[in-house]
Amino acid sequence: MIDRPLPPGSPRYHDAGAPKEPVPTSPHGGEERVRVLSVLVEDGSSTLTKVAGMIRRRGFHVRAITVGPSGESGRSRMTLQIDAGHAEVDQVRKQLERLVEVVEIEDLTEHDVHSRELVVARVAASAVPELVAKGARVLELGSVSTTIEFAGEGDEVGAFVEELRRHGNLDVVRSGPVVMRRSA
Amino acid sequence: MTGADLLLEALEEEGVDLIFGYPGGANLPIYQRLPDHPKLKHILVRHEQGAAHMADGYARACGRPGVVFATSGPGALNLVTGLCTAYMDSVPMIAITGQVNSTQVGRDAFQESDVIGATSSVTKHSYLVTDIAQLPRVIHEAFHIATTGRPGPVLIDICKDVQMAEAERTPRAPMSIPGYHLNGHVELASAKIAAEALAHAARPVILAGHGVLLSHAEQALLDVAEKAGVPVGTTLLGIGGFPVNHPLSLHMTGFMGTGWCLKAVQNADVLMMVGMRVDDRVTARLADFAPKVTTFIHVDIDGSEMGKNVRPHIELVADARNALEAMLPHIDSVDEGRSAWLTQIDAWREEHPLRYTHSNGHLQPQDVLIDMYKRCRNEAVVVADVGQNQIWAALWWNYDRPGLFINSGGAGTMGFALPAAIGAKFARPELDVWCVAGEGGFVMTAQELSVAVEHQLDIKIVLLNNFSLGMVRQFQDDFYGGVRSQVDLTHIPDFVKLADAYGLPGVRVDKLADVGPAMDAAERTKGPFLIDFRIDPQANVYPIVPLGKSLNDFWEAPQQ
Numbered sequence: 001m002i003d004r005p006l007p008p009g010s011p012r013y014h015d016a017g018a019p020k021e022p023v024p025t026s027p028h029g030g031e032e033r034v035r036v037l038s039v040l041v042e043d044g045s046s047t048l049t050k051v052a053g054m055i056r057r058r059g060f061h062v063r064a065i066t067v068g069p070s071g072e073s074g075r076s077r078m079t080l081q082i083d084a085g086h087a088e089v090d091q092v093r094k095q096l097e098r099l100v101e102v103v104e105i106e107d108l109t110e111h112d113v114h115s116r117e118l119v120v121a122r123v124a125a126s127a128v129p130e131l132v133a134k135g136a137r138v139l140e141l142g143s144v145s146t147t148i149e150f151a152g153e154g155d156e157v158g159a160f161v162e163e164l165r166r167h168g169n170l171d172v173v174r175s176g177p178v179v180m181r182r183s184a
Numbered sequence: 001m002t003g004a005d006l007l008l009e010a011l012e013e014e015g016v017d018l019i020f021g022y023p024g025g026a027n028l029p030i031y032q033r034l035p036d037h038p039k040l041k042h043i044l045v046r047h048e049q050g051a052a053h054m055a056d057g058y059a060r061a062c063g064r065p066g067v068v069f070a071t072s073g074p075g076a077l078n079l080v081t082g083l084c085t086a087y088m089d090s091v092p093m094i095a096i097t098g099q100v101n102s103t104q105v106g107r108d109a110f111q112e113s114d115v116i117g118a119t120s121s122v123t124k125h126s127y128l129v130t131d132i133a134q135l136p137r138v139i140h141e142a143f144h145i146a147t148t149g150r151p152g153p154v155l156i157d158i159c160k161d162v163q164m165a166e167a168e169r170t171p172r173a174p175m176s177i178p179g180y181h182l183n184g185h186v187e188l189a190s191a192k193i194a195a196e197a198l199a200h201a202a203r204p205v206i207l208a209g210h211g212v213l214l215s216h217a218e219q220a221l222l223d224v225a226e227k228a229g230v231p232v233g234t235t236l237l238g239i240g241g242f243p244v245n246h247p248l249s250l251h252m253t254g255f256m257g258t259g260w261c262l263k264a265v266q267n268a269d270v271l272m273m274v275g276m277r278v279d280d281r282v283t284a285r286l287a288d289f290a291p292k293v294t295t296f297i298h299v300d301i302d303g304s305e306m307g308k309n310v311r312p313h314i315e316l317v318a319d320a321r322n323a324l325e326a327m328l329p330h331i332d333s334v335d336e337g338r339s340a341w342l343t344q345i346d347a348w349r350e351e352h353p354l355r356y357t358h359s360n361g362h363l364q365p366q367d368v369l370i371d372m373y374k375r376c377r378n379e380a381v382v383v384a385d386v387g388q389n390q391i392w393a394a395l396w397w398n399y400d401r402p403g404l405f406i407n408s409g410g411a412g413t414m415g416f417a418l419p420a421a422i423g424a425k426f427a428r429p430e431l432d433v434w435c436v437a438g439e440g441g442f443v444m445t446a447q448e449l450s451v452a453v454e455h456q457l458d459i460k461i462v463l464l465n466n467f468s469l470g471m472v473r474q475f476q477d478d479f480y481g482g483v484r485s486q487v488d489l490t491h492i493p494d495f496v497k498l499a500d501a502y503g504l505p506g507v508r509v510d511k512l513a514d515v516g517p518a519m520d521a522a523e524r525t526k527g528p529f530l531i532d533f534r535i536d537p538q539a540n541v542y543p544i545v546p547l548g549k550s551l552n553d554f555w556e557a558p559q560q
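Chains as they are written, first to last, in our numbering: chain Z, 1 to 184; chain Y, 1 to 560.
So here's chain Z without its partners, still in its complex pose (with noise of 0.2 Å):
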């Protein structure tokens, strides 16, 4: 794409005071490439194909998705992690508005948010008190393993997970995150 910067004393546009949001950039400089959009989407029985469609043949790639039902009936919220891919990062949002059975997107890429993903573990029975001791619930107690799960955000889930290797897991599965902003 081109991007050339506007030369010193050239019309500004925005001080025309005309909206327009600062594509939020990362630590590393440049534009944060994987976007995190909370979604809210109409039910429908080609409303995940379509989203998922779109991803695809726009050139982003999906690191996470998460569906559910939303507080509305007849509405699902997403959240999404999306790569941009080689397109420019505001293209994902800005698809993604295309689609009518899109209703609305938040995006919280470098918000403040809650991000909590969720992981249930089989593991063995030695294990226990000291993934308890982490934050690990027990649901199942059985004879030869236990059932457990634990909660949060992606980094502790993913050390979570790194600790349940350690222990030499039997079985684990892991939730995609969902997010919301932070009320203050």
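Hints should not be assumed to be uniformly reliable.
Unchecked claim - List time: in silico DMTMM-like cross-link candidates among lysine to aspartate or glutamate, alpha-carbon distance up to 25 Å:
{"hint": "1", "chain 1": "Y", "residue 1": "497", "chain 2": "Y", "residue 2": "510"}
{"hint": "2", "chain 1": "Y", "residue 1": "549", "chain 2": "Y", "residue 2": "269"}
{"hint": "3", "chain 1": "Y", "residue 1": "292", "chain 2": "Z", "residue 2": "3"}
{"hint": "4", "chain 1": "Y", "residue 1": "549", "chain 2": "Y", "residue 2": "350"}
{"hint": "5", "chain 1": "Y", "residue 1": "526", "chain 2": "Y", "residue 2": "510"}
{"hint": "6", "chain 1": "Z", "residue 1": "94", "chain 2": "Y", "residue 2": "302"}
{"hint": "7", "chain 1": "Y", "residue 1": "41", "chain 2": "Y", "residue 2": "14"}
{"hint": "8", "chain 1": "Y", "residue 1": "192", "chain 2": "Z", "residue 2": "3"}
{"hint": "9", "chain 1": "Y", "residue 1": "374", "chain 2": "Y", "residue 2": "458"}
{"hint": "10", "chain 1": "Y", "residue 1": "227", "chain 2": "Y", "residue 2": "336"}
{"hint": "11", "chain 1": "Z", "residue 1": "94", "chain 2": "Y", "residue 2": "280"}
{"hint": "12", "chain 1": "Y", "residue 1": "374", "chain 2": "Y", "residue 2": "536"}
{"hint": "13", "chain 1": "Y", "residue 1": "526", "chain 2": "Y", "residue 2": "458"}
{"hint": "14", "chain 1": "Z", "residue 1": "94", "chain 2": "Y", "residue 2": "141"}
{"hint": "15", "chain 1": "Y", "residue 1": "549", "chain 2": "Y", "residue 2": "351"}
{"hint": "16", "chain 1": "Y", "residue 1": "192", "chain 2": "Y", "residue 2": "269"}
{"hint": "17", "chain 1": "Y", "residue 1": "511", "chain 2": "Y", "residue 2": "494"}
{"hint": "18", "chain 1": "Y", "residue 1": "292", "chain 2": "Z", "residue 2": "88"}
{"hint": "19", "chain 1": "Y", "residue 1": "374", "chain 2": "Y", "residue 2": "430"}
{"hint": "20", "chain 1": "Y", "residue 1": "292", "chain 2": "Y", "residue 2": "553"}
{"hint": "21", "chain 1": "Y", "residue 1": "549", "chain 2": "Z", "residue 2": "3"}
{"hint": "22", "chain 1": "Y", "residue 1": "292", "chain 2": "Y", "residue 2": "351"}
{"hint": "23", "chain 1": "Y", "residue 1": "192", "chain 2": "Y", "residue 2": "302"}
{"hint": "24", "chain 1": "Y", "residue 1": "549", "chain 2": "Z", "residue 2": "88"}
{"hint": "25", "chain 1": "Z", "residue 1": "94", "chain 2": "Y", "residue 2": "279"}
{"hint": "26", "chain 1": "Y", "residue 1": "41", "chain 2": "Y", "residue 2": "432"}
{"hint": "27", "chain 1": "Y", "residue 1": "41", "chain 2": "Y", "residue 2": "9"}
If you're looking for bench data, these hints aren't it; they were derived computationally from the structure. Please read all numbers here as calculations on a predicted model, not as lab measurements.
Fit chain Y to the supplied structure of chain Z, relying on the hints for placement.
Positioned in the frame of chain Z, the structure of chain Y alone reads:
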């Protein structure tokens, strides 16, 4: 009443007068009820792709959405190319396809296919109707979505049991589509800044695309250009949006645009792009596009076009006409350097004229088109196919007022011209319609000649026949090492006999002296007329920017 009746009544309410379609197993209940709705005239096509292109040509010619019927499975899938063509060029269309019974969906029933899945990437929106309670709401929603904002095709897939189900007519509820937002509103502050940037620029250029025609912004564009003294080029799809003989006209831009337009774009300091996508055919090598521009202004109704390829400094997400009209009052004093800029452009126009080989003993396509355009008298609808014929027809376009040049730009669909010309003639019966095609594209949809004959449509078919896939041949000659591979079309029908077989008159012309008399005959004849022009098999399209090069690197036709 049945679901079929609810559908047909909704079409009548939407003001539909014409449907292009083809019946089959899964839409028979609709066809059973069709004769009871005489306001809806149905055109039986010979292939569903033809129906889609006819609806497309109809919509481009009159601005109302084209309507298509097709059955499930192969019927619906045959629409895909036509839907894609309309989608890429933002043409309003409603495609109504039959689907197997809702209880059979997913069981691989006879002629079942996932039409929503197959078409969702080439439609603006689509609906699967599995319950009669959705009718007629989705029909009205579909028309609203297809025709507003950035127009596009909307597909409605209706299960056969829904077509047959019975329901009471219910009063029409107010429309509510929470996920559909329109950008009609012009940010007035931005319009003012854009107007001032344009007026105060030293070397401004406006490029105008299909959005100018779609929003009927031709007059507003002319007003802005004249008041601000800014030269105007059009994209291939923007042709007809600006009078091409106007002193400020740069004619066509892009990788097969005119030399003087490309020079202007590459030397501009302020470039305003109106109602266009700024795609690769317009920019050529993106990194070298308009390298001296310090201020890009982009006007488009689709916000996702802003910064997709070029990040504008000033953006107006709005209807082109509204935006241009909002700019007009803010154009005051024009930069003093402007006359030098226009003088420079005039010099480029002299240095890089459109030219072609005249005297090698072969009939030249440009001679044919120059004769045709004389007869168009600034008002005929010209529909072109895809390939060399399309670019020649675009470059020799000569209208000194807004006009209709219809072609498949974004999708580049061969076989588009004949059915689209048929649709255009249905839409605008008062206008002459010329169909320009190469023999390669023409045979892809030639079966629709039956429709032109059946309805005795006055369509003059100008076949530019070089017995090869000319554009591919030219690319192979110039950019692929001169290896001519699979471009020979020696084995095509005798088009005069083919015309005769379909029941229309046709003549063959292979020398310049016969062009006029053949065109006279085409104009005299009621109903369709075909002329098989045997043109120079070596004729090439110039100017052309070699693949991967910048707009600066355009090649011109060899000097005589």
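To see whether the hints hold, each was checked on the structure:
1. Y:497 to Y:510: Measuring from Cα to Cα gives roughly 16 Å; hence the hint holds.
2. Y:549 to Y:269: holds (21 Å)
3. Y:292 to Z:3: Measuring from Cα to Cα gives roughly 13 Å; hence the hint holds.
4. Y:549 to Y:350: This hinted pair holds, its Cα atoms lying about 24 Å apart.
5. Y:526 to Y:510: With a Cα-Cα distance of about 24 Å, the restraint between residue 526 (chain Y) and residue 510 (chain Y) holds, given a limit of 25 Å.
6. Z:94 to Y:302: Cα-Cα ~9 Å, so holds.
7. Y:41 to Y:14: The given pair, whose Cα atoms are some 14 Å apart, holds under the 25 Å limit.
8. Y:192 to Z:3: holds (22 Å)
9. Y:374 to Y:458: Holds: residue 374 (chain Y) and residue 458 (chain Y) sit about 18 Å apart, inside 25 Å.
10. Y:227 to Y:336: OK: residue 227 (chain Y) and residue 336 (chain Y) at ~14 Å, within 25 Å.
11. Z:94 to Y:280: holds (20 Å)
12. Y:374 to Y:536: holds (21 Å)
13. Y:526 to Y:458: With a Cα-Cα distance of about 6 Å, the restraint between residue 526 (chain Y) and residue 458 (chain Y) holds, given a limit of 25 Å.
14. Z:94 to Y:141: holds (22 Å)
15. Y:549 to Y:351: holds (21 Å)
16. Y:192 to Y:269: Status holds; Cα separation ~18 Å.
17. Y:511 to Y:494: holds (17 Å)
18. Y:292 to Z:88: Within the cut-off at roughly 22 Å; holds.
19. Y:374 to Y:430: holds (18 Å)
20. Y:292 to Y:553: holds (16 Å)
21. Y:549 to Z:3: This hinted pair holds, its Cα atoms lying about 19 Å apart.
22. Y:292 to Y:351: holds (21 Å)
23. Y:192 to Y:302: This hinted pair holds, its Cα atoms lying about 20 Å apart.
24. Y:549 to Z:88: holds (23 Å)
25. Z:94 to Y:279: This hinted pair holds, its Cα atoms lying about 17 Å apart.
26. Y:41 to Y:432: holds (22 Å)
27. Y:41 to Y:9: Roughly 13 Å between the alpha carbons, so the hint for residue 41 (chain Y) and residue 9 (chain Y) holds.
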